[in-house]
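Number of protein chains: 2
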Amino acid sequence: MQRYKCIISYDGIGFSGYQVQPNKRTVQSELEAVLAKMHKGMAVKVSASGRTDAGVHAKGQVIHFDSPLVIPMEKWAMALNSLLPDDLSVLSVEKAKDTFHARYDAIGKEYRYYLQMSSVRDPFQRNYAYQYPYKLDLETIKEASQYLIGTHDFTSFCSAKTEIEDRIRTINAIEITLEGDKLCFRFVGNGFLYNMVRILVGTLLEVGTGDRLPSDIPDIIAKRDRRFAGKTAPGHGLYLWKVFYK
Amino acid sequence: MQRYKCIISYDGIGFSGYQVQPNKRTVQSELEAVLAKMHKGMAVKVSASGRTDAGVHAKGQVIHFDSPLVIPMEKWAMALNSLLPDDLSVLSVEKAKDTFHARYDAIGKEYRYYLQMSSVRDPFQRNYAYQYPYKLDLETIKEASQYLIGTHDFTSFCSAKTEIEDRIRTINAIEITLEGDKLCFRFVGNGFLYNMVRILVGTLLEVGTGDRLPSDIPDIIAKRDRRFAGKTAPGHGLYLWKVFYK
Chain D
1 MQRYKCIISY
11 DGIGFSGYQV
21 QPNKRTVQSE
31 LEAVLAKMHK
41 GMAVKVSASG
51 RTDAGVHAKG
61 QVIHFDSPLV
71 IPMEKWAMAL
81 NSLLPDDLSV
91 LSVEKAKDTF
101 HARYDAIGKE
111 YRYYLQMSSV
121 RDPFQRNYAY
131 QYPYKLDLET
141 IKEASQYLIG
151 THDFTSFCSA
161 KTEIEDRIRT
171 INAIEITLEG
181 DKLCFRFVGN
191 GFLYNMVRIL
201 VGTLLEVGTG
211 DRLPSDIPDI
221 IAKRDRRFAG
231 KTAPGHGLYL
241 WKVFYK
Chain Y
247 MQRYKCIISY
257 DGIGFSGYQV
267 QPNKRTVQSE
277 LEAVLAKMHK
287 GMAVKVSASG
297 RTDAGVHAKG
307 QVIHFDSPLV
317 IPMEKWAMAL
327 NSLLPDDLSV
337 LSVEKAKDTF
347 HARYDAIGKE
357 YRYYLQMSSV
367 RDPFQRNYAY
377 QYPYKLDLET
387 IKEASQYLIG
397 THDFTSFCSA
407 KTEIEDRIRT
417 INAIEITLEG
427 DKLCFRFVGN
437 GFLYNMVRIL
447 VGTLLEVGTG
457 DRLPSDIPDI
467 IAKRDRRFAG
477 KTAPGHGLYL
487 WKVFYK
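In order, the protein sequence lines correspond to chains D and Y.
Heads up: the first sequence at position 114 corresponds to 114 in our numbering, and the numbers run straight through without jumps.
Just add 246 to wherever you are in the second sequence, counting from 1, and you've got our numbering.
Treat each hint with caution, since some may be false.
Pairs of lysine-lysine, BS3-like flavour, derived with a Cα cap of 30 Å [to be verified]:
| id | chain 1 | residue 1 | chain 2 | residue 2 |
| --- | --- | --- | --- | --- |
| 1 | D | K24 | D | K59 |
| 2 | D | K75 | Y | K477 |
| 3 | D | K182 | Y | K321 |
| 4 | D | K135 | Y | K321 |
| 5 | D | K242 | Y | K428 |
| 6 | D | K135 | Y | K251 |
| 7 | Y | K381 | D | K95 |
| 8 | D | K59 | D | K75 |
| 9 | D | K135 | Y | K341 |
| 10 | Y | K428 | D | K182 |
| 11 | Y | K488 | Y | K321 |
| 12 | D | K5 | Y | K428 |
| 13 | D | K24 | D | K135 |
| 14 | Y | K407 | D | K135 |
| 15 | D | K59 | Y | K305 |
| 16 | D | K95 | D | K75 |
| 17 | Y | K270 | Y | K407 |
| 18 | Y | K251 | Y | K286 |
| 19 | D | K242 | Y | K381 |
| 20 | D | K182 | Y | K251 |
| 21 | Y | K477 | Y | K381 |
| 22 | Y | K428 | D | K75 |
| 23 | Y | K341 | Y | K283 |
| 24 | D | K59 | Y | K428 |
| 25 | Y | K305 | D | K135 |
| 26 | Y | K286 | D | K59 |
| 27 | Y | K270 | D | K24 |
| 28 | D | K95 | D | K59 |
| 29 | D | K5 | D | K95 |
| 30 | Y | K321 | D | K231 |
| 31 | Y | K381 | D | K5 |
| 32 | Y | K381 | D | K75 |
| 33 | Y | K305 | D | K182 |
| 34 | D | K182 | D | K231 |
| 35 | Y | K488 | D | K182 |
| 36 | Y | K251 | Y | K343 |
| 37 | D | K40 | D | K75 |
| 38 | Y | K321 | Y | K291 |
| 39 | Y | K492 | Y | K469 |
Hints were generated in silico from the structure; no laboratory data involved.
Please construct the entire structure, taking both the sequences and the accompanying hints into account.
What follows is the structure in structure tokens.
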């Protein structure tokens, strides 16, 4: 048996999220179906750095699995990709130690959120950026984002359905940059709670329109109550960009 | 009755091309269905600058139609877009003279063809660029492209099924530029025959791999026979970018 670590990318639109669900097309079920085929029906369990929701994209999701197959390293990605559907691609495969775990060994993640600031619908961006027709003040958004950096209890910024008890996370960096008519929000942190990036973006947008003040952010954090933060931005603007390991 | 000129954009993947065909989803049929709805069932004929094939995209297709409806000019695009599917969008609507014709008045067009030069499949580009894993010599492609510029009989570079007799066209400019890992071919000319841009690209790629020489191009033109040119590049890399009028 050899453990393999893979970086994968997927267009989230065609998937009901990452994790296996009965009768749904998910990233994990497509990967496990292909591995079962390669292993002549033997079940191969795939573990990821974390789940992504329906419609959420990945540029650099990380998974691991164990296999007894003897395949030259440079052929692994091609072998997997030749069987995978074209909205899911293995970017790289490498050997990992038996103790490597895609989820437990991750020390940080980068997510990006893309907003298309346009009043006219762009058919090419409909699945890949959140079309936002309202005027935004980028400077106040940037100012507000600085209050989020650091170690906080992010209970206000995660889904009320979140079961995990420890909601303390560290955000190392938030960068907001204009790329043509698209606004890119880049979040780097040690971990993100369920819906956290989407709620952070939704709240920052409410600052950008003037409905909230940058200085409201510390109060929202202090409330530790989802109802005080902004709306959850749609999933199709969100990308799991990179997972960091030691 | 007032004639309207519109610039429209569509993601070609979900359409069986521009033109109405029985039992197929086409751009023209979607537009005419929405206009019929707005006109309480009255048929409104839509004319475009030209057809596009299945899978071919448009960033700036031009259409015209006539309507008796009294709608403030700034509301027209929104009214149409609110009824159109999200892979087809009206970018602008303006009043045109009764004699304006989207096809007959066009004096030129710009097409772009996008190639993704990568051996790894990118899920986000699968419908929007032709993934090309082979090594290309860009300088010889550029050299070959210069032989295509000017006024020529492009019979060798159009589908053998082309019914039109006059195959003389003028190409004003061909620009080939690298944008990250994508190669963009930009063609500007007074008109393009059926499959012409895709065959031009397919032939230039065969120069880029070394299977043909740049100096073969004048011979291929002189043959006036489709069999002497290269393969037809896939439709999903092609974009009708702009239509020019006087």
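For each hint, the structure was consulted:
| no. | hint | verdict |
| --- | --- | --- |
| 1 | D:K24 with D:K59 | holds, 22 Å |
| 2 | D:K75 with Y:K477 | holds, 28 Å |
| 3 | D:K182 with Y:K321 | holds, 24 Å |
| 4 | D:K135 with Y:K321 | holds, 19 Å |
| 5 | D:K242 with Y:K428 | holds, 22 Å |
| 6 | D:K135 with Y:K251 | holds, 28 Å |
| 7 | Y:K381 with D:K95 | holds, 28 Å |
| 8 | D:K59 with D:K75 | holds, 21 Å |
| 9 | D:K135 with Y:K341 | holds, 28 Å |
| 10 | Y:K428 with D:K182 | holds, 19 Å |
| 11 | Y:K488 with Y:K321 | holds, 23 Å |
| 12 | D:K5 with Y:K428 | holds, 28 Å |
| 13 | D:K24 with D:K135 | violated, 38 Å |
| 14 | Y:K407 with D:K135 | violated, 50 Å |
| 15 | D:K59 with Y:K305 | holds, 25 Å |
| 16 | D:K95 with D:K75 | holds, 13 Å |
| 17 | Y:K270 with Y:K407 | holds, 21 Å |
| 18 | Y:K251 with Y:K286 | holds, 21 Å |
| 19 | D:K242 with Y:K381 | holds, 28 Å |
| 20 | D:K182 with Y:K251 | holds, 28 Å |
| 21 | Y:K477 with Y:K381 | holds, 17 Å |
| 22 | Y:K428 with D:K75 | holds, 24 Å |
| 23 | Y:K341 with Y:K283 | holds, 21 Å |
| 24 | D:K59 with Y:K428 | holds, 17 Å |
| 25 | Y:K305 with D:K135 | holds, 24 Å |
| 26 | Y:K286 with D:K59 | violated, 46 Å |
| 27 | Y:K270 with D:K24 | holds, 28 Å |
| 28 | D:K95 with D:K59 | holds, 20 Å |
| 29 | D:K5 with D:K95 | holds, 6 Å |
| 30 | Y:K321 with D:K231 | holds, 29 Å |
| 31 | Y:K381 with D:K5 | holds, 28 Å |
| 32 | Y:K381 with D:K75 | holds, 19 Å |
| 33 | Y:K305 with D:K182 | holds, 17 Å |
| 34 | D:K182 with D:K231 | holds, 20 Å |
| 35 | Y:K488 with D:K182 | holds, 22 Å |
| 36 | Y:K251 with Y:K343 | holds, 9 Å |
| 37 | D:K40 with D:K75 | holds, 18 Å |
| 38 | Y:K321 with Y:K291 | holds, 20 Å |
| 39 | Y:K492 with Y:K469 | violated, 34 Å |
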